[in-house]
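> Generate coordinates for the entire structure from the input sequences, incorporating the hints supplied.
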Amino acid sequence: MNKSILPNTAANLRNNGRLFQRVTLFVIWAWLIIFALIPNILVVLASFLTRDEDKFLALPVTIDNYLRFVDPLYVKVFLHSLSMASVTTIICLLLGYPFAWLVSRTSKRWQSFLMLLLIIPFWTNSLVRLYAVKLIMAANGLLSSALIGMGLINEPLQILYTEKAVIGGLVYLLFPFMVLPLYAVFTDLRQDIVLASKDLGANKFQTFWHVILPLTTPGIISGVLLVLLPAMGMFYVADILGGSRNLLVGNIIKSQFLDARDWPFGAAASVLLTLTMAILIAAYYASSKRIGKTDHNEVA
Amino acid sequence: MTSTTISNAMKWFSRLYLTLIYLVLFAPILVMVVFSFNASKVGYTWAGFSLHWYYELFSNEAMIQAAINSVLLAVVAATVTTVIGSLTALSFQRYDFKGKSVLQSLLFVLMMSPEIVLAISLLALFLMIGIELGFVTLLLAHITFCLPFVVITVSARLASLDNSLLEAARDLGASEFTMIRTVLLPIILPAVLAGWVLAFTLSLDDVVVSTFNTGASFEILPLQIYSMVRVGVKPEVNAVGTILLGISLVGLLISQLLLLKKR
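Protein sequence lines, in the order shown, are assigned to chains Y and V. Quick note: the first sequence, position 36, residue 36 per this note's numbering, numbers continuous. Quick note: the second sequence, position 221, residue 221 per this note's numbering, numbers continuous.
Treat the hints as calculated values from the structure; they're not laboratory data. You may find that some hints are simply not true.
Stated by the list, open to error - DSS-like cross-link-like pairs, simulated, lysine-lysine; straight-line CA separation at most 27 Å:
no.	chain 1	residue 1	chain 2	residue 2
1	Y	K289	V	K98
2	Y	K198	V	K234
3	Y	K289	Y	K198
4	Y	K108	Y	K204
5	Y	K164	Y	K108
6	Y	K204	Y	K289
7	Y	K289	V	K100
8	Y	K204	V	K11
9	Y	K204	Y	K76
10	Y	K164	V	K98
11	V	K41	V	K234
12	Y	K108	V	K11
Stated by the list, open to error - Label-pair distances were calculated between CB atoms; the ranges are:
no.	chain 1	residue 1	chain 2	residue 2	range
13	V	K98	Y	L73	48 to 54 Å
14	V	F13	Y	T187	16 to 22 Å
15	Y	W209	V	S7	20 to 26 Å
Note that beta-carbon positions come from the ideal geometry of N, C-alpha and C, so glycine has one too.
Below, the structure is given as structure tokens:
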């Protein structure tokens with residue numbers, strides 16, 4: 001009796017599996033095409049169209065929207081915005097690299113505790129945290145009062161509503177995103193390779209420059225990717241801490257879409273952001289491939 | 001001797017550096033909690049303990065409604081995302097199919113795309129199709145940006161899975177579906193739950209995507225908070241933040257206890 005059922009079950013089972021697989025794949029493909037691929041194509045198309053008061057977009061195809069980025073009127077705003085995002089990324093890297101290294105050198109138990117501590121702030125709404133940062137930074141705020149109280153300064157600090165405040169807010173929110181990939185590469189870093197370098201007579205600087213730095217480059221690039229792109233886009237940080245003069249690319253895109261109703265220009269700005277992302281991802285793959293090769297050679 | 005003094009100095013430097021960074025990271029959270037109990041109306045100075053801002057908060061009906069809406073949105077978005085995301089992770093692990101690497105790169109690009117680009121591209125799509133902005137558009141948008149994170153969380157767990165268990169189930173006559181339900185799901189359940197929690201948190205905290213895809217018919221908490229913190233001093237914001245932090249800490253505690261029980 002069992003024997004007569006078996007082939008049947010096997011066929012059923014294969015059909016079951018295939019149906020299940022088909023439905024799943026259909027859903028995920030459909031979702032990504034409708035909500036990721038098509039919208040992005042729409043944005044690229046929009047960036048080559050002309051602004052229209054009623055319908056947002058109109059026909060004459062043009063590259064004017066891209067040419068406006070080299071227009072002196074906008075160049076200043078864009079460069080300022082890019083410099084704030086870049087400085088944020090550099091500060092995160094300079095603070096995060098030794099941080100991730102030091103954490104990876106502690107015992108396993110401490111490592112998981114310290115990494116958990118790093119993530120806890122995420123459970124507080126980021127706007128509320130920025131509001132608290134504002135309370136600390138304000139001219140009559142906590143930092144100034146504390147420093148004046150200790151006699152370190154005489155006049156209140158003027159940080160809030162300057163670019164320093166925007167950079168500070170961005171570093172505060174994005175620092176963990178720099179640390180996470182760096183921590184991952186430091187825990188994968190094989191100590192025998194570092195020791196081998198020392199045994200072969202390299203001094204500390206040479207070991208760092210020729211061995212540790214190249215091996216941790218993929219972590220650096222993904223950290224930069226995770227910090228630089230949000231640092232250009234997080235318009236609410238500039239809104240809350242920066243005042244009207246310190247705009248991020250995100251503020252420019254937002255105002256083009258929601259206030260100025262100049263969709264083509266806003267779309268062109270987002271295409272440029274996406275291109276920045278593409279370049280960084282390509283750099284990441286190039287660097288991890290190179291390491292994959294050297295790693296392989298050393299093992300062989 | 002010199003080497004021990006150096007490593008000792010190194011140890012102290014390391015401790016000092018880590019402590020300083022954590023102090024800075026936690027200072028705003030401390031300020032938020034302390035100032036949520038502040039009696040002062042100005043916001044910058046301490047004027048004694050008070051629950052005034054909590055009363056203020058709970059009598060603000062728009063805020064309560066926005067909080068309910070946000071939780072509803074986050075629960076639905078996280079649940080749908082977890083179902084689609086877990087099944088996707090499963091297909092990546094179990095099957096070979098045409099276009100697998102294309103699908104994986106699409107998800108990767110989606111995760112890496114700047115939020116603001118995702119936000120405006122979805123806005124363009126919704127306006128083109130002609131869906132009214134509100135709950136539905138927010139839900140579709142939130143599912144989209146949470147999806148890659150759930151796939152990655154579940155995939156990580158599946159990668160360390162012992163395949164012989166699954167093969168044994170199939171050899172013993174379980175259908176693919178039965179095998180997934182009775183063998184695979186219990187094993188990957190912690191990762192699936194972790195994916196749900198991650199999606200829930202991402203949805204509840206999102207400002208960028210929501211700003212573009214929301215409508216007047218459906219107010220949500222982050223945008224309410226946003227309009228409060230943009231203009232001047234609103235101490236009740238600290239109370240909202242403290243309550244949200246409290247809820248997340250309780251949630252974490254419960255999930256840790258559940259995980260311990262499993263073991």
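> Are the hints correct? Go through all of them and say.
Checked hints:
1. With a CA separation close to 24 Å, the supplied pair Y/K289 and V/K98 stays within the 27 Å bound.
2. Of the supplied pair hints, the one linking Y/K198 and V/K234 is violated, its CA atoms being roughly 57 Å apart against a limit of 27 Å.
3. Distance hint between Y/K289 and Y/K198 is fulfilled; the C-alpha atoms sit about 25 Å from each other, no more than 27 Å.
4. Under the criterion of a C-alpha separation no larger than 27 Å, the hint pairing Y/K108 with Y/K204 is consistent with the structure, at around 25 Å.
5. Taking the CA atoms of Y/K164 and Y/K108, the gap is about 37 Å. The hint is violated against a cut of 27 Å.
6. Taken as a hint, the Y/K204 and Y/K289 pair is honoured in the structure, with Cα atoms around 26 Å apart against an allowance of 27 Å.
7. Between Y/K289 and V/K100 the CA atoms are separated by roughly 21 Å; this keeps the pair inside 27 Å, and the hint holds.
8. About 17 Å separates the Cα atoms of Y/K204 and V/K11, which keeps this hinted pair within 27 Å; it holds.
9. For the given pair, Y/K204 sits about 42 Å from Y/K76 by alpha-carbon distance, which is inconsistent with the 27 Å threshold.
10. Proposed proximity of Y/K164 and V/K98 is contradicted: the alpha carbons are some 50 Å apart, above 27 Å.
11. For a cut-off of 27 Å, the pair hint linking V/K41 to V/K234 stands: about 9 Å separates their Cα positions.
12. For the suggested pair Y/K108 and V/K11, the alpha carbons sit about 16 Å apart, so the restraint of at most 27 Å is met.
13. A beta carbon spacing of about 49 Å between V/K98 and Y/L73 agrees with the range 48 to 54 Å that was offered as a hint.
14. The hinted range of 16 to 22 Å is satisfied by V/F13 and Y/T187, whose Cβ atoms lie roughly 21 Å apart.
15. Distance hint check: the CB atoms of Y/W209 and V/S7 are about 22 Å apart, consistent with the given range 20 to 26 Å.
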